[in-house]
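Participant: As they're listed, the protein sequences go chains A and B.
Take the first sequence: its position 319, counting from 1, is numbered 319 in the working numbering, and each next residue is one higher.
Take the second sequence: its position 153, counting from 1, is numbered 153 in the working numbering, and each next residue is one higher.
If you are wondering where the hints come from, they were derived from the structure by calculation, not from laboratory data.
Treat each hint with caution, since some may be false.
To be verified - Straight-line C-alpha distance at most 35 Å; calculated DSBU-like pairs for lysine-lysine:
hint, chain 1, residue 1, chain 2, residue 2
1, B, K175, A, K97
2, B, K276, A, K97
3, B, K232, A, K184
4, A, K97, B, K168
5, A, K97, B, K467
6, B, K378, A, K97
7, B, K279, A, K92
8, A, K56, B, K187
9, A, K92, B, K175
10, A, K56, B, K378
11, A, K92, B, K367
12, B, K360, A, K92
13, A, K97, B, K367
14, B, K187, A, K97
15, A, K92, B, K454
16, B, K286, B, K175
17, A, K236, B, K175
18, B, K232, A, K92
19, B, K378, A, K92
20, A, K51, B, K175
21, A, K184, B, K168
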Amino acid sequence: MKQRLVLLSAVLCFTAGSVFGLSRYGEVDVQQGTLQVLRGQQALAFQTGDKAEILKGDLLRVGPQSRVQFTTVEETSLTLGSNAIFLVKPWKMRSKKGYLQMVFGKASVSQKKITRRSHRFQVRTAMAVMGVRGTQWNQETTANGNTSALTVEGQIFLLGHQGPEQIIFPDQFSAVVNGGAAGKPVLAPPALRQETAAAPNLDAAAPTSETAGSLSTEAQLVESGLVAPVDLEQSKQDQVDVGEAVAAPAAAQPAQSEETEGEPSKQDEDDDDDFEQDFQDSQEVASLDTQVNLDFATATTSAGEESGVETAAGADTDTYVEPEPPVVDIPGTTDVEDAIEQNLEKAGRLNITVEH
Amino acid sequence: MKGNWKIWASSLAVLVAFGSVGWAQEPLKPPDNAVTESAGEPPKAAAQAAPVVTSPAATPTSNPVAAAEAEPLAAIPAAAPPVVSPKPISLAQGIEPTAPKTADQAAAAGQLVPPAALAVTPEETKVATSTLGPRIMTPSMMRKQQITSPDLVVHFVVVDDDPVVSVKINGDLQKVEPNKTLLITRKLHFNPGRTLIEVQAEDQAGNVSNRSFLVLFEPAAAEAAEDSNPLKWNLIIEAVAQTDDNPTEDLSSPVKIGDLELQGVVEDSQQTDQLKNLKALLVVYKGDYNGIFGASSRAYDKAANELLNSQVLFAGAGWKHLVGDGFFIKADYLFTDLNLGAADYAQYHGITPALLWETKDDTGVSKHTLALELVTKKFAELEQEDGAQQGLKWLYQQTDPDKDRFDSVMSVGTASQGTDDSVEDYLIMSFNWHNQWAGPFFDIGFDVEYEKYKNQVPLSANTPLGKTRLDLPVSYQTALGWQGVGWSLKYHYRYLLNLSNKVLYERTVHGINGSATF
């Protein structure tokens, strides 16, 4: 009797959640320390040993000296390090889309089994998108959005607002700094690889600290030529001048073959429909909050200033939708065979004998 | 009856409980903005995960699910300010005790206190007492960017070790409840030009931080960048090496049809030849339009079969437009230049208007195409007049979620090769199955054709095939291969038997086929 009551209660609670649009995105297991979840107007606090569901719309803030295991509906497992901050809100960037947005900190991501569904897991930061192409990687995002990734097993992609996406193979690392393109991956220094293989350091500085704007691997990134010091320096500035050059938008990044190969399954289509609905909902909810009149702050540049606009390829194309390639009927061999047959007949193909 | 009683009782109890939860939520009035913590109750969906939001009537527990089950009505009176009571954190975990000042301030303010406020390291404490202002972060914007849409939804995350009491966006004060973690979501609308977004946050200690973002919105550039139909192309290269045991479609053995004894002109031992075929196809497409350019070359090894070698050049354009739910109209044009035996043979112009229905359900994707085939043919030899082809074609394709595919073609019409003898009525039926695994694939299919040449006299009228020439080609084909991303390699086999009262033959073709797509 009690079991039935509990079961029915759970069903009704789940239904109520669905009605209110708070659908599940995953679950967390606080392995050490604390976790704060902001959900609507509520703050939920969890501690070592606690397990809880994570809903779309949640903001996760991991406490200092903490570890949180986060398993998403895409069957991706993330270990969130100290002071990490993640937001579960639908997003689109170039041809990519997803729910998870990494605001700050470090995380180790692993995918035990690569499936078509797991390819749908992609995490966005202010400057980059990362997604599953392999089984395990570590990533870090600073308070200013600079992002780095190091692949442990398999391979992942890293895509910035500009340039093509880069595939990072095992023991390679790359970064997106100052809103540029993802750097071409290079082999990580031995010390960093050994540290990552042994026990990755997932402890980020507190987001309020002075070092929150620095990647922990900055020295290695600069030494490897992945990051230019001038870009690194500029990215850490909290202020920007209205006259600074801004990179121009570029052609959208084509979807990857893994995503377009074959016809989508019913599950894929349902997921796409759900995502679009969630994304539209998020846009509508946000529009209710529109209170900021930006008109007074608009400063249209003069022609001279516009001449300073960079023309480098790549930029945000948030509304990009991958076009479906047309089906092209490739000419068959029928006409050729017909023609050959005509030629054969003209050449006298058959030797006909009539016997009586 | 007993069981029914239990069910009704369970349902009633749950409904009462559920209704109570709903009642407890009613006094809540959500704030006007997207800012976080309030003194209200958790929403329904959050009820099962309300672990440490406690009141004097609710005991904190480490298991939020258990808490929800044990106290589903652990409603906090709306007037009672909730207090966070996190579990005691041992020093063995490396967590320092709560900073009393911060907790007291928050408790006095009647606000929820995130655990970070209650468990800070010495380093954190140092930071908390520093003069650093709140940290303003966002996953939605960079320091400077150019956007392609005038609207942008932005999430600002503001954190500090003291409660953040004030946030301004371009001087506009946001409604926030003081807290150490704030999430502010705004949809910003940009006018053309450059816009500076300036965010300012102030904590309870009076520390102020500023962060600005430059946003450039140029509609012209946005239109170019937002072109959702960029020009794309694919180059397909295909090479085939195969053994053809009867390229001349000759009789392999004497056959008696009616009162006729037929004998092939080529010795059986000399019939087999090697055929090499190289094809290249360039496909470009943009939105509803596409274009194709290609070439094909077939060459036999034996000089005796030189007249069978062919070179084909073709170019075409297509248009496909969505007019309804899964319903398309399309049209294709194709120009073909055909050379046989190193000499000009013919040029074809083909137009194919078509209707396409596409449906998707649990079983996969189905496509039906109904097309008209209209072709004119101009021949190099003077004795051949212009030829034509008019036909109706129905293509069906079914692809299941595992990428297995079935397709069929049924085509009916008339055609000619520029002579009276070549005028034919045809009916073609083709059925093919493609079975795809992760890498390997297996194809199988068969074709049946009916070709009636009304102006040709058969070799014998004394057959069931009628008094004019009738061909009934029947073929069976299969292939086994491996397919990767952008390439495939397969072994294929085809057997063809033409039952005819004039051109009777059988033919087997098999070989290796490799293709790559760039």
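Participant: For every hint, state whether the structure bears it out.
Facilitator: Verification of the hints:
Note on K175 of chain B and K97 of chain A: the hinted pairing holds, with a Cα-Cα distance of about 30 Å set against a maximum of 35 Å. Note on K276 of chain B and K97 of chain A: the hinted pairing is violated, with a Cα-Cα distance of about 46 Å set against a maximum of 35 Å. Distance check on the hinted pair: K232 of chain B and K184 of chain A sit about 24 Å apart at the alpha-carbon level, within 35 Å; holds. Distance hint between K97 of chain A and K168 of chain B is fulfilled; the C-alpha atoms sit about 29 Å from each other, no more than 35 Å.
Taking the CA atoms of K97 of chain A and K467 of chain B, the gap is about 66 Å. The hint is violated against a cut of 35 Å. With a C-alpha separation of about 52 Å, the suggested pair K378 of chain B and K97 of chain A falls outside the 35 Å cut-off, and the hint is violated. Our distance criterion of 35 Å between C-alpha atoms is broken by K279 of chain B and K92 of chain A, whose separation comes to about 40 Å. Annotation: proposed proximity of K56 of chain A to K187 of chain B holds, straight-line Cα distance about 18 Å (limit 35 Å).
For the proposed pair K92 of chain A and K175 of chain B, the alpha carbon gap of about 27 Å is at most 35 Å, so the pair holds. For the proposed pair K56 of chain A and K378 of chain B, the alpha carbon gap of about 65 Å is over 35 Å, so the pair is violated. At roughly 30 Å between alpha-carbon atoms, K92 of chain A and K367 of chain B fall within 35 Å of each other, so this suggested pair holds. The straight-line distance between the Cα atoms of K360 of chain B and K92 of chain A is roughly 25 Å, inside the 35 Å bound, and the hint therefore holds.
Distance check on the hinted pair: K97 of chain A and K367 of chain B sit about 28 Å apart at the alpha-carbon level, within 35 Å; holds. This hinted pair checks out: K187 of chain B and K97 of chain A have alpha carbons roughly 18 Å apart, not beyond 35 Å. Distance restraint check for K92 of chain A and K454 of chain B: the Cα-Cα separation of roughly 62 Å exceeds the 35 Å cut-off, and the hinted pair is therefore not satisfied. Between K286 of chain B and K175 of chain B the CA atoms are separated by roughly 47 Å; this puts the pair beyond 35 Å, and the hint is violated.
Using a Cα cut-off of 35 Å, the hinted pair K236 of chain A and K175 of chain B holds, with the two alpha carbons roughly 28 Å apart. Restraint check: the Cα-Cα separation between K232 of chain B and K92 of chain A comes to about 22 Å, which is no more than 35 Å; the hinted pair holds. Taken as a hint, the K378 of chain B and K92 of chain A pair is broken in the structure, with Cα atoms around 53 Å apart against an allowance of 35 Å. A hinted pair counts as satisfied when its Cα atoms are at most 35 Å apart, and K51 of chain A with K175 of chain B qualifies at roughly 32 Å.
Restraint check: the Cα-Cα separation between K184 of chain A and K168 of chain B comes to about 39 Å, which exceeds 35 Å; the hinted pair is violated.
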